[in-house]
Amino acid sequence: MGTTALDYFLLVTLGCLGTIQIAAASARLKGLSFFRKRLVGYIFGALVAIGAFGWFFAVGNRNTPSAIEGAQQVGMFLAGAIAAYIITSAVSSLIKYRLYPEATASHCGEQNNSGIEMLKETTILGAIRTILKRKQEDQ
Amino acid sequence: MPPGAQMSEWVTQFVGSVPAFDSFMGLMCNDFFIPVIVCLIMLGLWIGFPNPTRREHLQRTILSACVSVAIASLLVELFNLYDFWPRPYELLESARQAMQTLHYPSGDPSFPSNVATISFAAATGVWVGHRKVGIVLYVLASIWALARFYAGMHFFVDIAGGAAIGVLTGFIVSKVLMPRTEPIPTVALRLARSLYIA
Chain S
1 MGTTALDYFL LVTLGCLGTI QIAAASARLK GLSFFRKRLV GYIFGALVAI GAFGWFFAVG
61 NRNTPSAIEG AQQVGMFLAG AIAAYIITSA VSSLIKYRLY PEATASHCGE QNNSGIEMLK
121 ETTILGAIRT ILKRKQEDQ
Chain R
1 MPPGAQMSEW VTQFVGSVPA FDSFMGLMCN DFFIPVIVCL IMLGLWIGFP NPTRREHLQR
61 TILSACVSVA IASLLVELFN LYDFWPRPYE LLESARQAMQ TLHYPSGDPS FPSNVATISF
121 AAATGVWVGH RKVGIVLYVL ASIWALARFY AGMHFFVDIA GGAAIGVLTG FIVSKVLMPR
181 TEPIPTVALR LARSLYIA
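For the protein sequence lines, the chains are S and R, in the order given.
Going letter by letter, the first sequence gives residues 1 to 139 in the working numbering.
Going letter by letter, the second sequence gives residues 1 to 198 in the working numbering.
A couple of the hints might just be wrong.
[What the hints assert, rightly or not] The list that follows gives simulated cross-link-like pairs (lysine-lysine, DSBU-like), each with its CA atoms no further than 30 Å apart:
#1 S:Lys135 - S:Lys120
#2 R:Lys175 - R:Lys132
#3 R:Lys132 - S:Lys120
#4 R:Lys175 - S:Lys37
#5 S:Lys120 - S:Lys133
#6 S:Lys120 - S:Lys37
[To be verified] Computed footprint of chain S on chain R, listed as stretches where at least three residues anywhere in the stretch have a Cβ under 8 Å from a Cβ of chain S:
#7 28-34
#8 43-52
#9 183-194
[Said to hold, decoys possible] Not everything, but these chain S residues come out facing chain R in the computed CB check (under 8 Å):
#10 Leu11
#11 Val12
#12 Ala27
#13 Ala49
#14 Phe57
#15 Asn63
#16 Ser66
#17 Gly70
No lab work stands behind these hints: they were computed from the structure.
Don't be surprised by glycine CBs; every beta carbon is placed ideally from N, CA and C.
Please construct the entire structure, taking both the sequences and the accompanying hints into account.
In structure tokens form, the structure reads like this:
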């Protein structure tokens, strides 16, 4: 992988990380946000995303043949987005695990109350723990 | 020469006149700047709504937009089997200088503009589900495509043709294809929900 490709991956990962923080604040997903106050989430997300763009375009001329084809760009964007989501999940789970250890019963099982909707009440680690606990109880 | 080629000659002669504007257009016609912004906006739409029903509707919209982009890219590949005409910078001296100032030569055929096709397909896919964000994406798609025109990379007809293909693809996918492929989108969303990404 060339330098531009690595830089692009970093741009996408940081951009997604910032966007996820803004979106988590907007959607009130406490389990995905790094912060308790939504405003801090907005500011942090915007700074990370804008900073990533600033860095990417400041370190070199990006209007050169980069050897990253369109399909590769899409693949690298997906990889960067997944990396950002994993980092976000891990960090928010570590920070907030004690605050929101589990989801309440109302946020389990139903179609509209599963997936990231559960992250309004708990972290991803907490959501997984809740699901496993319910399965054990069902058995 | 394609129809309207003199427009390219007229526009590209301004490159070099205002360096600040050239820097701006250089950024706008970049391979990464606008596409990454468009993708981040779509990611924000995917997650960022507090109401789960509205969020699911928007996630279906983003799925439509992604399928539209994929099909539009395939259509561009089909068009590329026939090389309609050379790039402006291969025919016009002013366009060659504009390309050297703002961008770099491309190996793909000129018609249709790949950039216009995929960005308008994405914007249309999103516009069907969320008008305001769709308009923002149309504006970004227009800026990206027009910057390529200004940089001598495409004739105007390449841009207009690409945009038309993108918009048509976006509408057909969103209004016809996606509703008829049920339950595939629903199953995909359910799978994503089980992984806490939807």
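Straight-line alpha-carbon gap lysine 175 of chain R to lysine 132 of chain R, limit 30 Å: This hinted pair holds, its Cα atoms lying about 18 Å apart.
Regarding the pair lysine 132 of chain R and lysine 120 of chain S, is the alpha-carbon distance no greater than 30 Å? It holds: about 26 Å lies between the C-alpha atoms, which stays within 30 Å.
Regarding the pair lysine 120 of chain S and lysine 133 of chain S, is the alpha-carbon distance no greater than 30 Å? Given pair lysine 120 of chain S, lysine 133 of chain S holds - Cα atoms ~19 Å apart, limit 30 Å.
Is the listed coverage of the segment 43-52 of chain R by chain S valid when you require three or more residues with a beta carbon under 8 Å from a beta carbon of that chain? holds (count 8)
Is the hint on phenylalanine 57 of chain S kept, meaning its closest Cβ partner in chain R is under 8 Å away? This interface hint holds because 7 Å falls under the 8 Å limit.
Regarding the pair lysine 175 of chain R and lysine 37 of chain S, is the alpha-carbon distance no greater than 30 Å? Violated, because 40 Å separates the two Cα atoms, which is more than 30 Å.
Coverage assertion for the segment 28-34 of chain R with respect to chain S, Cβ distance below 8 Å, three residues required: It holds: at least three residues are needed, and the segment 28-34 of chain R offers 5 whose Cβ sits within less than 8 Å of chain S.
The hint names leucine 11 of chain S as touching chain R; please verify it with the least Cβ-Cβ distance against 8 Å. At 7 Å from the nearest chain R Cβ, leucine 11 of chain S passes the 8 Å test, so the hint holds.
Would you settle whether the hint for glycine 70 of chain S is holds or violated, based on the nearest Cβ-Cβ distance to chain R being less than 8 Å? holds, 7 Å
Can we keep the serine 66 of chain S interface hint, with Cβ of chain R closer than 8 Å? holds, 6 Å
Does valine 12 of chain S meet its interface restraint, that is, does its C-beta lie within less than 8 Å of any C-beta in chain R? holds, 6 Å
Under 8 Å, Cβ to Cβ, is where alanine 27 of chain S needs to be relative to chain R, so tell me if that hint holds or is violated. Result: holds, 5 Å to nearest chain R Cβ.
In the structure shown, a violation is registered for the earlier hint numbered 4 alone.
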